[in-house]
Each structure stands twice: as structure tokens, then as C-alpha cells.
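Model the placement of chain F on the given structure of chain H, informed by the hints.
These protein sequence lines map, in sequence, to chains H and F.
So for the first sequence, our numbering puts the first residue at 1; every next one is plus one.
So for the second sequence, our numbering puts the first residue at 1001; every next one is plus one.
Hints listed in this document are in silico derivations from the structure and should not be mistaken for laboratory results.
The structure presented is a predicted model; accordingly, all values stated were derived computationally and were not measured.
It is possible that part of the hints are untrue.
Calculated Cβ distances over 10 Å to all of chain H for the following chain F residues [stated by the list, open to error]:
1. Val1027
2. Thr1093
3. Asp1279
The calculated DSS-like cross-link candidates involving lysine-lysine, where the alpha carbons are at most 30 Å apart (straight line), are [unchecked claim]:
4. H/Lys21 / H/Lys85
5. H/Lys85 / H/Lys2
6. H/Lys230 / F/Lys1343
7. H/Lys343 / F/Lys1230
8. F/Lys1085 / F/Lys1013
9. F/Lys1013 / F/Lys1002
10. F/Lys1002 / F/Lys1021
11. F/Lys1021 / F/Lys1085
12. F/Lys1021 / H/Lys21
Beta carbons are placed, not taken as given, at the ideal position from N, Cα and C, and that holds for glycine.
2 protein chains.
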Amino acid sequence: MKSFDVAVWRDGKLRMLDQRKLPHEEVYLEYDSAAATARGIRDMVVRGAPAIGCATAFGVAVEARRIAAQDIPASWPAAMAPGLKALHDSRPTAVNLRWALERMTPLLTSTAPERVPDRLLEEAQAILREDHASCQAMGHHGAAVLPQVDGRPLTIMTHCNAGALATGGVFGTALGVIRGAVVAGRRIRVISCETRPFLQGARLTAWELLQDGIDTTLITDNMAGHLMGKGLIDVVVVGADRVAANGDAANKIGTYTHAVLARRHNIPFMVAAPLSTIDLQAPDGSHIPIEERPAMEVTHLGGQRVAADGVAVLNPAFDVTPAELITWFACERGVVREPNRDKIAALLP
Amino acid sequence: MKSFDVAVWRDGKLRMLDQRKLPHEEVYLEYDSAAATARGIRDMVVRGAPAIGCATAFGVAVEARRIAAQDIPASWPAAMAPGLKALHDSRPTAVNLRWALERMTPLLTSTAPERVPDRLLEEAQAILREDHASCQAMGHHGAAVLPQVDGRPLTIMTHCNAGALATGGVFGTALGVIRGAVVAGRRIRVISCETRPFLQGARLTAWELLQDGIDTTLITDNMAGHLMGKGLIDVVVVGADRVAANGDAANKIGTYTHAVLARRHNIPFMVAAPLSTIDLQAPDGSHIPIEERPAMEVTHLGGQRVAADGVAVLNPAFDVTPAELITWFACERGVVREPNRDKIAALLP
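With the rest of the complex left out, here is chain H (with noise of 0.2 Å):
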């Protein structure tokens, strides 16, 4: 399976792979701060709640570096509390960003000062290792509770990209799933949802799956109930950016819509994430604060305006699906059969 340059250190710096411009071309950038790390978060550089979690944990190893640079500060908190405002600010719904700066905000007081920018930057290169580790074990829980069918392949629907791209770059949380059954010898074929208005599952879901050989067929987001009504999707598998306390999954617009479709149905529906994704902060979905993005994303394409001149805009880039609707979450620890609060809270140290 290819493996991505989503959120990598390279030569003294952050390097990530620019994922406004796939599946078109390959182009990397590099950033040497907090604040440069947070536009690109921001502006969708990088995106997915594992992803972004990595990223934010290399754009403080950045920003130490960047300081001490000049000199070791006196106090490594107050040097990085601007650094580590603009990273908390960059977008709101994924909580691996706090989850990663809660990881390494503790590292600025327990290390010997002139130690701290090398320190972050061992803790950012272990939470990529972990999301690594983390995706091919979920992966592996996750393709063994699927469904066996008989003499034709296993159809997963999914949405949005919860790949290597929204990950560390490797296997990804609902793709690995899919890599995990594609490792274990099943046959897939994989129903990407193009996921307006960013379109990452046409430009990116169908790109990284098509380069490990993967049967993957395109629809619109709106085709979903209608290849579920004629017997077409035998299990729906999602990623998610928070997970409250229980389970009701924060994921990208159109997931719920999804949820809801594959139990009309009677389609068993699948969220995979890491432990870092929960959040115990949020005891329901209805805590999850939902991104608003700009209206250009929806009435243009490509720098070129579709929509009507002067029509107003709605544009939530996220949606919480209940755990009533979730048969099942898969994590790096296992896969929870109807999550619930108790579920939940036993998946955790």
C-alpha cells in the first residue's frame, strides 16, 4: 500500500503535501512556524481529524525551533503561546488539534529548557509513528466484523476521505478499513461519495485508492439512497473528526444523511477513528461545534463561479450522526458494537 507525505519533517521543517491541488498535481509545501501551519490548516493544506492532529503536533515542533533560533526563551510558555493560539484557532471541529496540543504543551515545563525544541519534536514524530500504528490496527479490527457475501465482491460506501491523506499518511481510518479487508484477501469494491462541496471524495478518495489498485467507483452524494434502495451498498464505512462521550460521531456534511439512508435500508454503517478523535468533553453531538466555511466553496468550482449571482449561501462542513445509527466503531483498540457512553468510556485508559 503507497504511503503519503501528508505531515512530514523534512530538513528543519514541516512538509506537507498540498491537498487543494490533487489529484491534479504534487505539489509540497513547507512551513517554519505556528501561524504559517495554521493558514494551512486553516486554507485545507492538510485536513482530516488524524491528519490535522499530526500537523498541529509539527507545527509547534516548528515554532519551538523557530524560537530558539534566536535564544532559549525564559519562559518556553509564554514564547509559544501565540504559536499555540493561532494553531488552537485554525478550525474548530476536529479535536485531534487540541488533542495534539494538549500532548505537547506539557513538554514546554517537564524539559530542560535548551532540551525543548528537540523533545516536541520526538513527541510529534511519535504521535505520526502511533497514527501509523493506530490506522493499520484499526484497519485490521475493522475488515474482520464486515460482512461475508457470496461470489461477487464486498461493496463499502463511503464518504469524504478518511484515508492515508486525512491521516499520517498511511492506510487511513475508513480507507484502511477497506485496505485491512484488501490485505486479508477479500475482494472490494469501494462506492466513493464525491463529498461537495470540497470534492475530496473525487479528487482525493478515488486518487489514493485507484494507486493501490482498488476498485473504486464515483457517485454524487446524492445517489447514495438510490444504490441503497436497489441493493447496491453492503456496508457504509466513514471516518469521523470528534467523537463525544457517546458516540455520536461528528464527520464531514452528508455522513448523517448517509447514517440515515443505511438504516432505512438495513445497511450495517461503520465509524472508524482513533482514541484521539473522542471527546470526553462533549458528553452528546450536540457539543460538537460545527465549522461554518466560506459560501465560494459552494457557489464556485475551480475559481469559477456555478451558483446564481446573489444567492444567499449555507455552508456547514460537518454533521453529527447519533450512535443510534452506528453499528459499528472501529478504533486502534477494537470494534464497539452499537457504541454507547459505557462503550465508549471502556475504550479509554
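Structure of chain F alone, referenced to chain H:
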């Protein structure tokens, strides 16, 4: 309310607004044969079931005029056969096409041969006039049953374009109901789903409603579930391309998904279509042919490729909403609650 030259007779030819160019350019094309008209229908210069019915009728009229310009044929049915077949085969789902042919064809034999061209044109003009009256009646009837809300505008979600542009250029079907409500003094807010892949909602519905000063907000199709979950949609109103004898309704791909979502959220779901859309030969929705359109409509936008190279594509242009998900069927004769076989039969003469 503004009207549009969707399909009109002008200087001995059929003139149609090229809807593929909207909202950027208002270009009118002229047709002087049935074959050319059939290509215009296939290529979606004109679209929308009632509009296709009007265009078909004028396509028959213009074909007779073309033939008579050389000589009155020995057999009108024989002379017209290739043109009628081209029209018949242009698009498979909208039954108004077949309905218009069935209304025009008997005139070839029941009329004195030299009178045929004039008689066909009279009939086409009658079809257009009846469409205008039908949309206005349907709009009035449909508007009368819309829910009452206090202290805020009634929010109506619609899908695709079932407007003046989808009919004879006046009022429309689903948008006719919206216009009927506006005419009746109701405060209305419209949520227009963009309707991938052809973007009829973004390009056409927004364009025509804004010209009438109706408050219109654009969303991507996959946002509907999220908005319904937030309580932001009061009612869904859509058109239909073919209604089966039991009330199952084929309409633009994505409609079925909206109906499933509406049921989950206890939101009433209205289908507005003229009686010419009812096909008693289709006992239920499974007998309605669903057109599969070219992959390029999904992979490209404005001539520009958006999807990853080499990905397979499905592009069904319609889906079927079962009658059990339809709260009201509105037509020119009135509104039927919870349509079924008996209630649909009772609507027809």
C-alpha cells in the same frame, strides 16, 4: 412573476432558451426539425418533464412544417415516423414526452392532409397554454395546504429545478407551489439544493427565484439532513418526471434521499406535477426506466476535470420515491393526501 421562453414558436421555428448556459448567459437556440429538437432534448438545452412535453409538441409541429415546405406527403404518419422516433428516443424517464407524442400523433390522420402542419401547431400551442394554466392551478392548490408557522417565514426545501424553466416558462410545478404561496401573501424562504451533477438547483432554481425577489439560500445536496435535524426545514416540495399508477414518483436523483430524511424528521413531503406526468402503464416505480447519463457530467465541471483520472462512475439521472413517503401529491385538479392507486386513478378523467 417573470416568464421565460423555455420552448416557444417564433418565426416558424421552435425557439428554446439554452439552459446549459444559465445562469451566466441567456442564449436562445432555434430548431427547424424533429431530429434537431430531439438532440436539444437529449443534450439538455431544455429539461424538466413538462418542458420536455412542450418542446416535443413543438418539435412535431416544426417537423410537419419542414416536410410540407417541400410537398404534402402521401402519408403523414410515414413521413413523420423518423422524426417521431427521434423525439421518442431522446430521453427515457420523463413520460410527458410520450404523452405529448400520443396527443399529437392522432392528428396526423384525423386532419385533412394540407391542414396537418397548422393543426399540429395549434395543438402544440394548446399544450403550452394548458401547461401555464396547470402550473398556476397546481401552485394555488399546493400553496393552500402548506403548513402554517408563526412569526417567521415558512422554509421550503426544493431539489433540482421544477420551476418555470422546467415547464412552459410560467410558474413551474414545485416552484409554482412556492410562487402560489408568495402570491397568497405568505412569507417564504426557499432552501435550494444545488443538485449534482447538473447543478439545476444552483444554476436554474436560484436564478429564477431571485428574479422574482424570493428569498433563496443554496446548499449542497448533502446538507439537507443536517438542516432538517436542526429544525430548519418546514416542508419539502419537489417536481416529478413520471408518477406511477400507485403514486410512486420518479424525480431528479437525490429526491428519494430527501424523502427518507423528511420522514425521519416528520417533515411533510410534497410532489407537484401535472396529470400529464402520471403513467398508468407503470403499475409502480419499479417499472419506470431510469436514465444513465454520461460519466463526464460527474467527473467534469464546466469542461474542467475535477475527479481523479481512471475512476469508474455511475450516473443515474433519476430515482424513485415510493408513495408511502409522499405526504401530498399536488396537480392542476387539486391536492391528494397520501397518494395511492385509488386516489391517483380518481384524479384522471
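Which hint numbers does the structure go against, in order from smallest to largest? 5
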